[in-house]
Every structure is written in C-alpha cells, then in structure tokens.
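Residue numbers (this note's numbering), protein chains in the order written: chain Z, 1 to 148; chain D, 1 to 148; chain B, 1 to 148; chain H, 1 to 148; chain F, 1 to 148; chain W, 1 to 148.
What the hints contain is simulated information worked out from the structure, not anything from laboratory work.
Among the clues, some could well be false.
What the hints assert, rightly or not - Residues from chain Z that face chain F, not an exhaustive set, calculated with beta carbons under 10 Å:
no.	residue
1	Asn122
2	Pro134
3	Arg138
4	Leu143
As the list claims (entries may be wrong) - The following label-pair restraints were derived from C-beta to C-beta distances:
no.	chain 1	residue 1	chain 2	residue 2	range
5	F	Gln32	W	Pro113	31 to 41 Å
6	W	Asn53	H	Asn67	29 to 39 Å
7	W	Pro79	Z	Glu45	33 to 43 Å
8	H	Gly58	D	Glu20	50 to 60 Å
9	B	Lys36	D	Asn67	33 to 43 Å
10	W	Asn53	Z	Arg22	48 to 58 Å
Stated by the list, open to error - No more than 27 Å apart at the CA atoms, straight line, and that leaves these computed lysine-lysine pairs for DSS-like:
no.	chain 1	residue 1	chain 2	residue 2
11	F	Lys81	Z	Lys81
12	W	Lys81	W	Lys36
13	F	Lys36	F	Lys81
14	W	Lys63	F	Lys81
15	Z	Lys56	B	Lys36
16	D	Lys63	D	Lys81
17	Z	Lys81	Z	Lys36
18	H	Lys56	D	Lys36
19	W	Lys63	F	Lys63
20	B	Lys36	B	Lys81
21	W	Lys56	H	Lys81
22	B	Lys63	Z	Lys56
23	H	Lys36	H	Lys63
24	D	Lys36	D	Lys81
25	B	Lys81	D	Lys81
26	W	Lys63	D	Lys56
27	B	Lys81	B	Lys63
28	Z	Lys63	Z	Lys81
29	H	Lys81	H	Lys36
30	Z	Lys63	D	Lys63
Don't be surprised by glycine CBs; every beta carbon is placed ideally from N, CA and C.
6 protein chains.
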Amino acid sequence: MSTLEHPVSAERQVPERPTERREPVFVFTERQTSEKSELARRFLETRSRLNLNVEKVGNFLVKRFYNIDHNAYLEGVLPAKTKELMGLVASACLRCDDCIFYHAIQAYRLGVPRAEQEESLNVALVVGGSIVVPHLRRAYELLEELYS
Amino acid sequence: MSTLEHPVSAERQVPERPTERREPVFVFTERQTSEKSELARRFLETRSRLNLNVEKVGNFLVKRFYNIDHNAYLEGVLPAKTKELMGLVASACLRCDDCIFYHAIQAYRLGVPRAEQEESLNVALVVGGSIVVPHLRRAYELLEELYS
Amino acid sequence: MSTLEHPVSAERQVPERPTERREPVFVFTERQTSEKSELARRFLETRSRLNLNVEKVGNFLVKRFYNIDHNAYLEGVLPAKTKELMGLVASACLRCDDCIFYHAIQAYRLGVPRAEQEESLNVALVVGGSIVVPHLRRAYELLEELYS
Amino acid sequence: MSTLEHPVSAERQVPERPTERREPVFVFTERQTSEKSELARRFLETRSRLNLNVEKVGNFLVKRFYNIDHNAYLEGVLPAKTKELMGLVASACLRCDDCIFYHAIQAYRLGVPRAEQEESLNVALVVGGSIVVPHLRRAYELLEELYS
Amino acid sequence: MSTLEHPVSAERQVPERPTERREPVFVFTERQTSEKSELARRFLETRSRLNLNVEKVGNFLVKRFYNIDHNAYLEGVLPAKTKELMGLVASACLRCDDCIFYHAIQAYRLGVPRAEQEESLNVALVVGGSIVVPHLRRAYELLEELYS
Amino acid sequence: MSTLEHPVSAERQVPERPTERREPVFVFTERQTSEKSELARRFLETRSRLNLNVEKVGNFLVKRFYNIDHNAYLEGVLPAKTKELMGLVASACLRCDDCIFYHAIQAYRLGVPRAEQEESLNVALVVGGSIVVPHLRRAYELLEELYS
Numbered sequence: 001m002s003t004l005e006h007p008v009s010a011e012r013q014v015p016e017r018p019t020e021r022r023e024p025v026f027v028f029t030e031r032q033t034s035e036k037s038e039l040a041r042r043f044l045e046t047r048s049r050l051n052l053n054v055e056k057v058g059n060f061l062v063k064r065f066y067n068i069d070h071n072a073y074l075e076g077v078l079p080a081k082t083k084e085l086m087g088l089v090a091s092a093c094l095r096c097d098d099c100i101f102y103h104a105i106q107a108y109r110l111g112v113p114r115a116e117q118e119e120s121l122n123v124a125l126v127v128g129g130s131i132v133v134p135h136l137r138r139a140y141e142l143l144e145e146l147y148s
Numbered sequence: 001m002s003t004l005e006h007p008v009s010a011e012r013q014v015p016e017r018p019t020e021r022r023e024p025v026f027v028f029t030e031r032q033t034s035e036k037s038e039l040a041r042r043f044l045e046t047r048s049r050l051n052l053n054v055e056k057v058g059n060f061l062v063k064r065f066y067n068i069d070h071n072a073y074l075e076g077v078l079p080a081k082t083k084e085l086m087g088l089v090a091s092a093c094l095r096c097d098d099c100i101f102y103h104a105i106q107a108y109r110l111g112v113p114r115a116e117q118e119e120s121l122n123v124a125l126v127v128g129g130s131i132v133v134p135h136l137r138r139a140y141e142l143l144e145e146l147y148s
Numbered sequence: 001m002s003t004l005e006h007p008v009s010a011e012r013q014v015p016e017r018p019t020e021r022r023e024p025v026f027v028f029t030e031r032q033t034s035e036k037s038e039l040a041r042r043f044l045e046t047r048s049r050l051n052l053n054v055e056k057v058g059n060f061l062v063k064r065f066y067n068i069d070h071n072a073y074l075e076g077v078l079p080a081k082t083k084e085l086m087g088l089v090a091s092a093c094l095r096c097d098d099c100i101f102y103h104a105i106q107a108y109r110l111g112v113p114r115a116e117q118e119e120s121l122n123v124a125l126v127v128g129g130s131i132v133v134p135h136l137r138r139a140y141e142l143l144e145e146l147y148s
Numbered sequence: 001m002s003t004l005e006h007p008v009s010a011e012r013q014v015p016e017r018p019t020e021r022r023e024p025v026f027v028f029t030e031r032q033t034s035e036k037s038e039l040a041r042r043f044l045e046t047r048s049r050l051n052l053n054v055e056k057v058g059n060f061l062v063k064r065f066y067n068i069d070h071n072a073y074l075e076g077v078l079p080a081k082t083k084e085l086m087g088l089v090a091s092a093c094l095r096c097d098d099c100i101f102y103h104a105i106q107a108y109r110l111g112v113p114r115a116e117q118e119e120s121l122n123v124a125l126v127v128g129g130s131i132v133v134p135h136l137r138r139a140y141e142l143l144e145e146l147y148s
Numbered sequence: 001m002s003t004l005e006h007p008v009s010a011e012r013q014v015p016e017r018p019t020e021r022r023e024p025v026f027v028f029t030e031r032q033t034s035e036k037s038e039l040a041r042r043f044l045e046t047r048s049r050l051n052l053n054v055e056k057v058g059n060f061l062v063k064r065f066y067n068i069d070h071n072a073y074l075e076g077v078l079p080a081k082t083k084e085l086m087g088l089v090a091s092a093c094l095r096c097d098d099c100i101f102y103h104a105i106q107a108y109r110l111g112v113p114r115a116e117q118e119e120s121l122n123v124a125l126v127v128g129g130s131i132v133v134p135h136l137r138r139a140y141e142l143l144e145e146l147y148s
Numbered sequence: 001m002s003t004l005e006h007p008v009s010a011e012r013q014v015p016e017r018p019t020e021r022r023e024p025v026f027v028f029t030e031r032q033t034s035e036k037s038e039l040a041r042r043f044l045e046t047r048s049r050l051n052l053n054v055e056k057v058g059n060f061l062v063k064r065f066y067n068i069d070h071n072a073y074l075e076g077v078l079p080a081k082t083k084e085l086m087g088l089v090a091s092a093c094l095r096c097d098d099c100i101f102y103h104a105i106q107a108y109r110l111g112v113p114r115a116e117q118e119e120s121l122n123v124a125l126v127v128g129g130s131i132v133v134p135h136l137r138r139a140y141e142l143l144e145e146l147y148s
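Work out the full structure, taking the sequences as your base and the hints as a guide.
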C-alpha cells in the first residue's frame, strides 16, 4: 500500500550495499567564507536564521528530508566536490539563487578551484538556456568575491 | 557541516512532536482498480515492473527517499484523501503524467468521488495554465474509465 | 476553429452541472492579518498597490483570468480551506514566493490550523525536492508570525 | 475577498477597452492539414477524441478556461499568426510536445511560412537551452511533413 | 562523437541558407529609457555592472552563448520587434523577472506600442497560469513607467 | 545594442583564456552500446533519424547551438566523464527522458561505472523530488541493460 515502493517480498530482498559515506573535509569554515565575501556572509546569515526557525518547529518529515539531503552530498562513490558541483548545476538549471549560492559556497569551502565552478555553470547555461543568464551573473559576482 | 541543517546545538533542540501517522484504509485494491480501468492496469503494471528493477539495486538513498515519500501521504493532521488530491494538483502543475495517474488512482482507491478529483484538477489548471490541458485531457480519460 | 475546444455540436452538448460555488467565510480580515504579521502586511500592501495598477489598465483577458482564478478557490465540492492549501502546495512546487504567501495567508484567514499548513508544505517538499527548501524556510517565517 | 483581484471600488473602475477581437481566417482546414501530414493527423485525432470526453463532463471552470484560451489567440492588436507563433515559443520553452504540435499546426493553417516557424523555435531554443532540443527535433519532423 | 550533432557526412551537407540578419534600429537609447523609468534605470544599471564582471572573466563558452543569444533577436525572417515580444512571452512563462524586464525594455526601445506588450503578456498568462500573475503585476508596473 | 552583452569597450577587453578543450576518448562506440541495450539502440536510432532531418534544414542558429552544446562536454578543466554526469543530473532535474538517456549513454561509453551514474541520479532525486521518480525508474531500466 506504499506510495512509491511496491511491497517488498522476501525473494527479491537485496542486501544493502556497503555504504561508505563519509563527511567531507572542508578547507574553509563558514566563518572564514563569510569574512572573504560579503555576499556569502549575508546569505549564510539569513539561511541560519531561517533554518533555526524551521528546526524549532521540529516537523518530522522536514527533519528526515534535511537528513537525506545531507546524505546526498557526502563523500561516496563520487567525491563530495563533484557532487557539490552537480548540486550547483542542478540549482542553476532550476534557477534557484539560494541553492546556487549554497552549492557554490560549499564547493569553495571544499577547495574546488574557480575554473571548475565556471565550467560547471557552463553546463547549466547550455542545458538551461538564456533564462539561466541572470543567475549566472549573480553567481559570478559571488565567485569574484570568494576567489579574488 | 551538514547540507541543509545547521548543526543543532542543545539549547534549541525541540522534542519531536507526537506523529500519529497511520496507513490509510483503501476501498479498492490495485487489482480491483486494474480490472475497472485498462489505463490504470497498464500504468500499474509498468510501474511495478520498473520499481522491481529499482528495488533490486537496493540503493540506500533511493530507499530512504521512497520511505519519506510514503510517509508524506499517510493519514495525519490532514486526511490521506486530501493529501493524495494535493499530490494530484502538484503533479498536474508540474506536468508529470505518471504522477497524475498515480495520485488519481490512489485517490480513487481511497474512495474520493470523481467531482473532487475534477475540482482538484481545476486548481491545477488555473495555477498552471493551458500547458496543463494536455495532461488534464489524459487525466479525464482515466477518470472516465475509473468512475463509469 | 477554437483553440482548445472542438466545435461543440448539438448532440454532445451537456447541461451544465449545478454549480453551487459560494464565497468562503473568513475568520480574519486582511487588516487583522496585517496587524498580526509584518511579513503579511508588507506582502498584502505591495500586492494591493500593484493590482491597482493592473486594474486601472482594464485589460479584458486579464480581468477574465482574475475572475476564473477567483472562482477556483470558492467553496464547492471541496471546502475553500482545502483548495487554498492545494494552492499552497502548487505554489511551493512551482516555487513562487508571492503565491506561497498569498495562499498561506488565505488559509490562515479561513481558520486553517498551522499544523495543516505544515503538512501541506510537506507534500510540496517531497514532490518538489530540496529546491523547495528555500521557499519552505520563508513560508515557515511567515507561519511563525501568523500563528504565534 | 477575491483571490487575485482586490475589491474594485468605484473611483478606480475603468471603462473596458474596445476589444475588437475577431476569429482568424484559416488557409487550411484541420482535414486538409491531416491529409498533408500523418503526424498532424494522429495528433488532431487523439486531441479531438480526448476533448470530446472533457466536454461531455461539462465542468464549469474547464469550459471557462477553454474559452479564455480561445480568446487569447484571436486577431487583436497583434495578428493571430504572431500569437500562434508566441504560443509555439512558450510551448517549446515549457517543453510540451502536444502544445508545440498544436501551435505549429495552427500557424501552418493560418499560412505562416516555415521559415517563421523555425525562427520562432530558435528563440525558444536560446531561451530554453538544450533541454528544448528533443522537442525541436520532433517539431522539425512535423514541419517537414507539413511544408514539403 | 558530438553531443547533439550526428557526424555530418558529405552527402547530406546542406549549403547554409543566406542569413540576412541585421541589427535592429532602436527608437530610444538605454539612457533615454532609464530617464523615463526608474525601474528600468535600476534594472539596466545592475545588469551592466554584473555583465562587466562576467566579461572580465572572459569565459569562452559564455561569450559564445551571449553571441548566439544576441543573434536570435536580430532582424530576420521575423521582425526584431516580434522576436523581443516572443522573448517576453517565454520569460513570463518561465517566470524570470529579469528576463521579462529585459525584453519589455527592448521592445519599448524598438517602438513597440504598449497594447502589443499587454497582448503578449496575455498569451503568457493563459499558457502559464496564475503562477505568472505576480510577474505580470511587476511587468505592468514597468510598462506604466515606460509608457506614461 | 547586443542582447546579453554590454558593448565591450577596449579597456575591459580581456585576453581569451587558453582553452584546452579536447574530444574525449570513448570506451564503447554507439554501435557497441546499441548491441548491449535494446533501449539504447531504439533511442539512438530515433535520435539519429530526427537529427538528420534537422541538419538537412541547415538552420544557422541551430547549427551554432549544437556546436556550443558539443563544446560544453569536451575534456576541459573538468573531465568529460564528470560533465556527462552533470548533464545527467540536469536532465533528471528538468525531467527530460531523452536527455537522461543521452547523457547516461554518453557516460557509459566513456567508461563511467554504474555506481557513479546511480549516485548522480541520487543528487537529482533529492534536488528535484518525487517528480523525478518516474524518470529515475526508466533510467534504471536503461542502466540495467547497459551494465548487466
């Protein structure tokens, strides 16, 4: 009766793969990032303030979603760096400034060089078209502050 | 270091609300629904076949996502019927035929009358515009088979 | 020669269903809502100001669209409360902050409890993914002001 | 208490503009178009069949939406040809094959030359990006049948 | 091995069509537009400032994309005016305020009358639904300043 | 008077960066891929047939767009493998089956292991939500054929 899962009968049960997800190692803290870039500082501050409000409510499903989201970007088969850049591409294609800022900052904190951020944004630009351009401009403004 | 969650310090930890989610009671089984409607039968069959393939892989994150998705439509503060109709509205706005079929079938199985399905699709039509119309047409074809 | 309608010949003309749509009864006025929440006040004020400008122009098609949109949320087969929450889900999935604020405010004014607004947003979060999260955060900020 | 409209007080009531919308004159009938192109024929047939089903239900809001949609493409300040091409651009950007086919066929029936259809699709391609390409390919297949 | 192109063999190589694209003639400069409308001024200023930053980087692919984008709106088979209005429709459907402002300003600068801008927005409203309304309101505010 | 570019004056002209883009080396040809998977074969065949039709027309702007799209996935600062996976994530988030199949096949042809494809799809699933699930199911069906 589940929503997406078909009831799982015994014979097709598969042993869960070893999942060697690990927390990534950041080169810069959020604080250091905020000191480098005023745009990053303002973004991170607003996000923290609003997240506090969400956490205070303690909604069960939101907590689980946050948790699964956290898991998706851990070190795994693909490096965390690559997955943060994938998050950047997805965010730019779906045209979410907050999400773009978040993943560009995470990638910066992991030590991703600027040229890799730009090349990721190129993929998003070609896939998503000129509608991505206003977001690209704002992303470049952030990158300028972070990497100069 | 989490992705969406800010590290949760002790003082703003909030006791998780009592979560009285329950499995909904279906009026019709998937089999009965398939016997009523050829469109439903074909959809459910394909979906089961493809889901088996996904489950066989046993991807950890996919399993957790399926689980959270299942949870979102349980009886809770809002009735399961209402939430399936919300899923229908969201699916029609985002223009996903498979998702529309899924939620229309779930709503049917829960005993939602046809007029409520139509009124939900009206909200989606007004919010989403004429781009929703081709999906509305196909949804009406399914409703015709299910409710006649 | 119509755009979406096939020319309707006599034999398949169907008597229009009795349409017992009624204006909903609001528990709070817009003014009371504005006094409760600064975020709501600013939103409603900007919206009124811009809508005045639209009305002044008197564009025929815009007027008809506004009219049909108004109709979609009246008391009908489904309660107005439920349809405002459906509007909220659709708005969150389509990631429109103005639309989210509008429907959350309407639901509040109709007496919908906070927990139902949250559960509706959960459906949107699961359907729409993490790209919905920044909008969820801002919605929660509004809910905090409205319901505290 | 309206959804999008603010209650309209007397002093800002504006006389409705003279609205000289007229039905456009088609160069080709749907039948002639179907004889020219097998893709058009199949599309128009399915659309008619499904629309019949929608009309049979006689949903009040759907009828009004169909009506407003019909109005949007009439001869007006802008020629019907231009507006059908705008519908084509919007459909391609929003990636709806049915909508693309519909507007490409309407434009063809109005006597729009192929080169104008292509140039409209170019705008959609640049605005919408490579995600538009699969739809562009299918649109070109239809254009090939219609204009050869 | 190309991404979208199939390797082009000699026999199906087609001589490139004569492409008589020309720069359009503007009735108003950006400066004149900025003097007419404060909203336009602020938009153009921010856009110029951010574009300078993008150009400074000199990313090869971005430059080429900007170039192709520029080409799409030149005088061609369709007048530049029409294509700017198509850009407006696409931008409104995809709900990008910056893009809407850009194309509305370009259309104004080319001498497009206000009524044509409104009728284009009507197409976008019907195709895209009520989710377009907040953007329509802001577009009307700009049009009010530009054309009054 | 350009569309996206501000007129570039001499003093902020920047020397174009050395662009060491190279064609990637494929492990499998399209033919080998088609022999491995029936789903891939059908997809590639349809795509080739429709692309031929597009090429025959020789539209200038389409050709340039195809060219820029080809460039975006070459070996560069980021490996071609990574960029194809980014294309996969973007395609899944934007819910384009053709695009998903294309990039999954390209990644396979470049020697990307299945687990990396799955982990990329996980990012898309979390970013894009349950609306991505029907596409994920079809992607897994393709992966099953390609990698078994």
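We went through each hint and held it up to the structure:
Against a cut-off of 10 Å between C-beta atoms, the interface hint on Z/Asn122 holds, since the closest Cβ of chain F lies about 4 Å away. The criterion of a C-beta within 10 Å of any C-beta in chain F is met by Z/Pro134, whose closest approach is roughly 4 Å, and the hint holds. For Z/Arg138, the interface hint holds, the least distance from its beta-carbon to any beta-carbon of chain F being 7 Å, beneath 10 Å. At its closest, the beta carbon of Z/Leu143 sits 8 Å from a beta carbon of chain F; the interface hint therefore holds under the 10 Å criterion.
Evaluation of the 31 to 41 Å hint for F/Gln32 and W/Pro113 yields a failure: the beta carbon distance comes to about 59 Å. Judged by the Cβ atoms, the range 29 to 39 Å given for W/Asn53 and H/Asn67 holds: they are separated by roughly 37 Å. Separation of W/Pro79 from Z/Glu45 is about 36 Å and conforms to the stated range, judged on CB atoms against 33 to 43 Å. The beta-carbon spacing between H/Gly58 and D/Glu20, approximately 41 Å, falls outside the hinted interval of 50 to 60 Å.
Between B/Lys36 and D/Asn67 the beta carbon distance is about 37 Å. The supplied range of 33 to 43 Å therefore holds. For the hinted restraint 48 to 58 Å between W/Asn53 and Z/Arg22, the CB-CB distance of approximately 49 Å keeps it satisfied. A hinted pair counts as satisfied when its Cα atoms are at most 27 Å apart, and F/Lys81 with Z/Lys81 does not qualify at roughly 45 Å. Restraint check for W/Lys81 and W/Lys36: satisfied, since their Cα atoms lie roughly 20 Å apart, inside the 27 Å limit.
Distance restraint check for F/Lys36 and F/Lys81: the Cα-Cα separation of roughly 20 Å lies within the 27 Å cut-off, and the hinted pair is therefore satisfied. About 24 Å separates the Cα atoms of W/Lys63 and F/Lys81, which keeps this hinted pair within 27 Å; it holds. Restraint check for Z/Lys56 and B/Lys36: the C-alpha separation of about 20 Å stays at or below 27 Å, so the hint holds. Our distance criterion of 27 Å between C-alpha atoms is met by D/Lys63 and D/Lys81, whose separation comes to about 24 Å.
Restraint check: the Cα-Cα separation between Z/Lys81 and Z/Lys36 comes to about 20 Å, which is no more than 27 Å; the hinted pair holds. Restraint check for H/Lys56 and D/Lys36: satisfied, since their Cα atoms lie roughly 20 Å apart, inside the 27 Å limit. Restraint check for W/Lys63 and F/Lys63: satisfied, since their Cα atoms lie roughly 17 Å apart, inside the 27 Å limit. At most 27 Å may separate the alpha-carbon atoms for a hinted pair to count; B/Lys36 and B/Lys81 meet this at roughly 20 Å.
Note on W/Lys56 and H/Lys81: the hinted pairing holds, with a Cα-Cα distance of about 26 Å set against a maximum of 27 Å. The hinted pair formed by B/Lys63 and Z/Lys56 fails the criterion: a straight-line CA distance of about 42 Å is larger than 27 Å. Restraint check: the Cα-Cα separation between H/Lys36 and H/Lys63 comes to about 31 Å, which exceeds 27 Å; the hinted pair is violated. A hinted pair counts as satisfied when its Cα atoms are at most 27 Å apart, and D/Lys36 with D/Lys81 qualifies at roughly 20 Å.
With a C-alpha separation of about 14 Å, the suggested pair B/Lys81 and D/Lys81 falls inside the 27 Å cut-off, and the hint holds. In summary, the hint linking W/Lys63 to D/Lys56 is not supported, as the alpha carbons are separated by about 42 Å, beyond the 27 Å threshold. At roughly 24 Å between alpha-carbon atoms, B/Lys81 and B/Lys63 fall within 27 Å of each other, so this suggested pair holds. A distance of roughly 24 Å separates the Cα atoms of Z/Lys63 and Z/Lys81; the hinted pair therefore holds under the 27 Å criterion.
Proximity of H/Lys81 to H/Lys36 is assessed by CA-CA distance (about 20 Å); at most 27 Å being required, the pair is judged to hold. For the hint pairing Z/Lys63 with D/Lys63, the CA-to-CA distance comes to about 17 Å; that is within 27 Å, so the pair holds.
Of the numbered hints listed earlier, those contradicted by the structure are 5, 8, 11, 22, 23, 26.
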